[in-house]
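Construct the complete structure from the given sequences, taking the supplied hints into account.
Each chain, written out:
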Amino acid sequence: MTPTTRKKLEIIIEAPLLGRVEALLGASGARGWSVFASLAGHSSHGDWRSDGLSDAQDKRLVIAVVSDAAAQAALEALTGFFQDYPGVVYVSDVTVLRGEKF
Amino acid sequence: MTPTTRKKLEIIIEAPLLGRVEALLGASGARGWSVFASLAGHSSHGDWRSDGLSDAQDKRLVIAVVSDAAAQAALEALTGFFQDYPGVVYVSDVTVLRGEKF
Amino acid sequence: MTPTTRKKLEIIIEAPLLGRVEALLGASGARGWSVFASLAGHSSHGDWRSDGLSDAQDKRLVIAVVSDAAAQAALEALTGFFQDYPGVVYVSDVTVLRGEKF
Amino acid sequence: MFDLAAQNLLSPAILFFALGLAAGLLRSDLSVPETAAKTLSLYLMLAIGFKGGVEAARAGLSADFATAAAAGVILSLAIPVIAFYALKTISTLDRPTAAATAAHYGSVSVVTFAAGSDFLRASGVDFGGYMVAVVALMETPAILVALMLAQGGTAKRQGMQGALLREVALNGSVVLLIGAFAIGAITGERGMQRLDLFVNPLFQGVLTLFLLDMGLVAARRLREARALTAPLVAFGLLMPLVSCACAVGISLALGVRQEDAAMLAILAASASYIAVPAAMRIALPQADPGVYLTLSLGITFPFNLTIGIPLYQAVTAMLLG
Amino acid sequence: MFDLAAQNLLSPAILFFALGLAAGLLRSDLSVPETAAKTLSLYLMLAIGFKGGVEAARAGLSADFATAAAAGVILSLAIPVIAFYALKTISTLDRPTAAATAAHYGSVSVVTFAAGSDFLRASGVDFGGYMVAVVALMETPAILVALMLAQGGTAKRQGMQGALLREVALNGSVVLLIGAFAIGAITGERGMQRLDLFVNPLFQGVLTLFLLDMGLVAARRLREARALTAPLVAFGLLMPLVSCACAVGISLALGVRQEDAAMLAILAASASYIAVPAAMRIALPQADPGVYLTLSLGITFPFNLTIGIPLYQAVTAMLLG
Amino acid sequence: MFDLAAQNLLSPAILFFALGLAAGLLRSDLSVPETAAKTLSLYLMLAIGFKGGVEAARAGLSADFATAAAAGVILSLAIPVIAFYALKTISTLDRPTAAATAAHYGSVSVVTFAAGSDFLRASGVDFGGYMVAVVALMETPAILVALMLAQGGTAKRQGMQGALLREVALNGSVVLLIGAFAIGAITGERGMQRLDLFVNPLFQGVLTLFLLDMGLVAARRLREARALTAPLVAFGLLMPLVSCACAVGISLALGVRQEDAAMLAILAASASYIAVPAAMRIALPQADPGVYLTLSLGITFPFNLTIGIPLYQAVTAMLLG
Ligand SMILES: Nc1ncnc2c1ncn2[C@@H]1O[C@H](COP(=O)(O)O)[C@@H](O)[C@H]1O
Ligand SMILES: Nc1ncnc2c1ncn2[C@@H]1O[C@H](COP(=O)(O)O)[C@@H](O)[C@H]1O
Ligand SMILES: Nc1ncnc2c1ncn2[C@@H]1O[C@H](COP(=O)(O)O)[C@@H](O)[C@H]1O
Ligand code: NA
Ligand code: NA
Ligand code: NA
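For the protein sequence lines, the chains are A, B, C, D, E and F, in the order given.
Note that this note's numbering has the first sequence beginning at 1, numbered continuously upward.
Note that this note's numbering has the second sequence beginning at 1, numbered continuously upward.
Note that this note's numbering has the third sequence beginning at 1, numbered continuously upward.
Note that this note's numbering has the fourth sequence beginning at 1, numbered continuously upward.
Note that this note's numbering has the fifth sequence beginning at 1, numbered continuously upward.
Note that this note's numbering has the sixth sequence beginning at 1, numbered continuously upward.
Everything labelled a hint here was simulated from the structure, so no lab data went into it.
Beta carbons: idealized from backbone N, C-alpha and C, even for Gly.
Honestly, I wouldn't trust all of these hints.
Stated by the list, open to error - Going by beta-carbon spacing under 8 Å, a handful of chain C positions derived as facing chain B:
#: 1; residue: Arg-31
#: 2; residue: Ser-92
#: 3; residue: Leu-97
As structure tokens, this is what we get:
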């Protein structure tokens with residue numbers, strides 16, 4: 001297993017939109033991802049904090065380690081997505097074992 | 001939207017101190033951040049695990065993608081903070097869309 | 001406190017195996033780590049989502065900022081581990097304050 | 001009547017809401033874990049739906065149900081339109097935010113229904129158990145009206161409408177309310193024997209704990225309300241009265257039973273904070289949740305809980321009595 | 001009998017399971033927070049264990065307990081073997097997956113026990129309170145049998161066996177069931193006075209809410225079941241009958257009380273979805289959870305809950321009556 | 001008396017604590033989700049506060065309340081000083097850790113209050129409902145004393161003192177206890193009718209589940225206790241007796257009702273594990289939580305729950321009887 005370099009996408013979006021972002025990742029060729037819940041946050045739109053009443057403003061963090069091609073495709077799709085919806089995406093390089101998985 | 005490079009700060013601190021760290025981030029010029037709950041952890045101070053009795057030792061992960069200037073300012077403030085309080089901070093480079101947001 | 005570079009390991013494994021991975025990290029010379037719960041995810045093995053019935057398929061994210069040596073040791077141990085168990089590991093460079101901690 | 005209103009104000013449930021509100025405004029770190037709050041609200045919907053179903057079965061199907069249902073649906077279609085143009089007139093809200101806010105007022109609040117039920121029962125007004133089904137019917141139509149008011153949106157989101165409609169129709173709270181209502185209606189007394197303690201004596205306690213949390217959340221909303229202008233606050237206090245008036249009018253027009261009309265007025269005056277906000281984040285993301293959630297949770301809900309409910313009951317009693 | 005079976009089908013608990021199943025299959029966003037589900041299942045084990053202990057204390061220690069316990073352990077050792085070879089014969093499952101699946105059918109489901117208790121009590125079959133202890137005894141032996149069937153595995157995992165045995169023996173659900181049973185037995189009537197409301201009238205309600213969640217989870221499993229072939233579905237429906245037959249046979253052989261035999265048949269037919277899956281992820285990671293969790297939760301559990309339980313009771317009544 | 005003590009040891013609640021302790025020490029994976037534990041403790045404070053308020057309203061305001069309150073506050077100011085110097089004498093703890101630990105013993109444990117109430121009521125000792133308000137009054141003063149004992153700290157943290165005072169004063173558990181007490185006092189019997197089942201029969205069950213979790217947490221603390229030396233263990237077992245003695249003394253001096261004095265002794269002997277630890281992480285971060293949480297949860301709480309409570313009652317009965 002020779003270490004290889006892949007792209008790590010981190011996407012922060014609102015909970016009700018998770019399904020759409022996952023669909024978009026799949027369509028971009030991402031083979032896998034993990035979803036995490038955020039407790040609270042801050043941005044130019046103000047503070048938010050997860051309350052159990054409505055998940056309208058809850059945020060999810062989606063981490064996807066993907067190939068450069070998939071990263072490129074996902075970023076293009078997300079550019080459109082973020083014209084309509086709030087959220088954040090950032091990318092970094094990671095080294096993985098079993099590069100073929102991603 | 002040309003991708004631009006920003007700094008990603010990851011700060012692990014105790015739950016009761018979250019408010020202070022958020023204030024410190026805001027003062028350093030961070031425009032946004034996200035807070036996550038940690039379940040458990042280990043360090044030279046031993047193991048801990050979140051129990052519902054007291055959040056005294058619960059840990060929070062704060063992720064803030066910020067400009068180099070804000071990162072610099074935050075790190076200086078955190079250096080002082082971590083002289084008094086336990087916790088960890090680490091920084092890495094990330095590529096973002098819409099660099100003006102950060 | 002001069003910033004120094006360290007390795008950040010991110011390991012996604014199934015909840016029942018957390019203890020084994022923590023033992024493996026400790027044995028590799030990691031001085032600290034943090035554990036997070038994942039809500040849901042996707043991979044070639046299909047979708048999963050945390051339900052409260054059994055934690056069999058729940059996933060945990062373990063973040064460990066470690067020295068290059070510990071990272072090397074942990075990756076070798078994990079290579080063996082991932083021959084038996086599902087999961088993902090990826091590594092990146094981070095800058096830390098107080099490098100002696102890690 | 002005033003005595004009852006006072007008693008309502010001094011009920012434990014409402015005082016715990018006030019406690020939460022006060023603690024939140026004072027920035028106390030008191031908080032209810034969000035998963036607990038979500039579980040409590042599932043419980044409330046399960047219990048409310050089930051009880052309504054059992055009562056409906058007791059009473060048997062009646063034309064009154066059909067009448068109340070029709071009135072409810074009409075209200076949830078009409079109120080958003082009124083609310084939307086009211087907002088456009090009195091405030092400077094952008095179109096999407098006005099439409100999203102309107103949707104909240106066309107829809108309903110299950111907890112307001114619960115508090116209203118307590119008050120009406122205490123006042124000897126026994127509305128039909130089927131009103132629970134009316135609650136469910138009134139939850140979502142307003143969402144569709146609001147979308148039209150906001151004029152669709154970009155082609156991209158147009159493509160989403162299909163998915164959205166499914167999500168709205170299968171919204172968890174609607175499914176649970178309707179489902180629990182059906183199960184109550186099917187199992188009737190036999191079922192009630194098994195769940196009696198769970199859905200009846202336990203209910204007040206859970207509602208109390210939930211209202212404590214709602215007070216905390218409402219306070220957080222109010223504290224962070226940057227977008228809240230005087231006209232908007234006025235809207236949050238007056239719109240319920242307008243909705244109540246509409247409810248009375250339609251009840252007269254369609255001949256809704258007076259007891260049902262009282263509950264219908266409470267429902268019309270209530271604003272959603274569960275189903276609608278999530279739908280709006282999907283359908284009208286440009287709309288500012290800082291406006292509609294603050295108005296619904298921070299202004300209208302407390303108003304209805306304290307002053308509104310007794311007032312609507314008095315009004316309907318007067319005009320339809 | 002048929003009347004009772006129908007009543008069983010129309011009990012609130014089972015209808016809420018059906019509601020969850022339907023909502024899940026329709027992809028409604030209705031969901032119970034996972035920490036809530038975990039807490040509810042802790043409550044159910046605490047209440048079941050405690051009630052069983054109090055009843056056992058009431059009845060006093062009896063040879064019947066020993067007989068039922070022996071029968072239970074034998075069943076949980078034998079059933080996995082049958083299940084394993086059945087799977088190898090009718091399906092193309094790899095060895096580890098077949099073994100892991102077999103372990104689930106050798107172990108038991110606490111919720112099936114709870115539903116079975118309700119049904120048997122309603123049918124006037126009063127099995128011994130000590131059957132709760134039998135549940136605990138039947139939870140884990142199947143895991144060890146399955147490991148042998150899968151032939152240990154690599155040396156690396158051999159090294160883990162020690163740790164694994166400890167984990168299996170100290171599995172949370174087993175510890176809680178046994179512990180609560182012991183506490184019930186020790187405190188007896190005096191303890192029951194203090195917890196009566198908590199473990200008795202409240203139980204039905206919590207079970208109902210939990211079954212709603214189980215319906216949702218089962219539906220998700222079924223929706224994502226890629227690995228589910230016709231032979232596997234057949235196994236999920238027929239294996240419980242085989243297990244029931246084994247239970248009847250052993251009960252006759254060892255002379256288990258007829259009432260206890262009825263419950264033993266229900267337990268034998270039930271499949272684990274809490275303790276065993278987690279153990280299998282550790283011990284047989286190559287086994288596909290998409291197979292065993294889908295069969296246990298998506299096929300066998302609903303079958304037992306609706307048709308199985310009354311059927312097993314009828315069969316045991318006939319053959320041992 | 002001994003009979004009662006034995007009964008206390010054999011109550012379900014305490015046996016479930018023992019179960020949790022045993023499971024935790026044996027490293028079972030049994031665990032209660034942390035959000036569930038947090039929610040249960042909110043419930044306990046709500047119920048305890050509300051019941052106390054209703055009882056207080058029943059009895060009417062009395063000078064006894066003022067006396068008990070004064071005694072309570074004096075104790076929570078004096079005990080930390082004693083504890084601090086005791087620790088400095090018998091142990092090698094650094095100043096901040098000694099001060100932080102002292103704060104825990106000056107403050108109180110709500111669950112110890114609940115267990116103590118059960119025991120005293122069972123022993124026919126009916127202390128005043130207002131003792132709940134005394135609990136709230138005793139929660140925080142010790143924090144301030146401890147800060148002085150630790151001598152402020154760096155200028156940086158000095159700047160924080162303002163924020164800290166607000167946080168301590170508005171600590172969630174204090175706000176909820178006081179608020180629920182006030183609501184109980186305001187709504188009285190009428191309110192109790194609505195919440196009776198929720199705060200009375202349900203209470204024992206929730207307390208039992210919560211104690212199971214406390215046993216698990218205490219065990220984890222003990223397992224990971226690296227800092228625990230013999231002198232510290234001795235402190236954890238003897239300090240409660242010293243506090244009890246102080247309580248008796250002050251009760252005699254101020255003429256506290258004997259029934260109230262019994263509860264006051266239990267409160268004095270109890271150590272905080274909710275409000276104080278969080279405050280100490282902010283105010284005295286250099287203090288080692290491995291010391292104060294292990295002592296409070298792992299040593300003193302189990303001691304009070306099992307041996308302490310009956311002992312304190314016997315002592316006060318003897319000396320003030
Ligand atoms: N490329 C990826 N990026 C992020 N998380 C992943 C990725 N692949 C797998 N995962 C997570 O790791 C779990 C196990 O992966 P696998 O071993 O491929 O089944 C999945 O269920 C996901 O939650
Ligand atoms: N710079 C940032 N770093 C980390 N998280 C962020 C950042 N900016 C925004 N977020 C998170 O993303 C959410 C939506 O961001 P926005 O679209 O700017 O309102 C915020 O509420 C935060 O939780
Ligand atoms: N090297 C590390 N990598 C990730 N998390 C860490 C690391 N070191 C410490 N932590 C987390 O930060 C908490 C406080 O660290 P410390 O201040 O070293 O006690 C620990 O309990 C861990 O949860
Ligand atoms: Na409305
Ligand atoms: Na079985
Ligand atoms: Na004390």
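Please flag the earlier hints that this structure goes against, numbers listed from lowest up. The structure breaks none of the hints.
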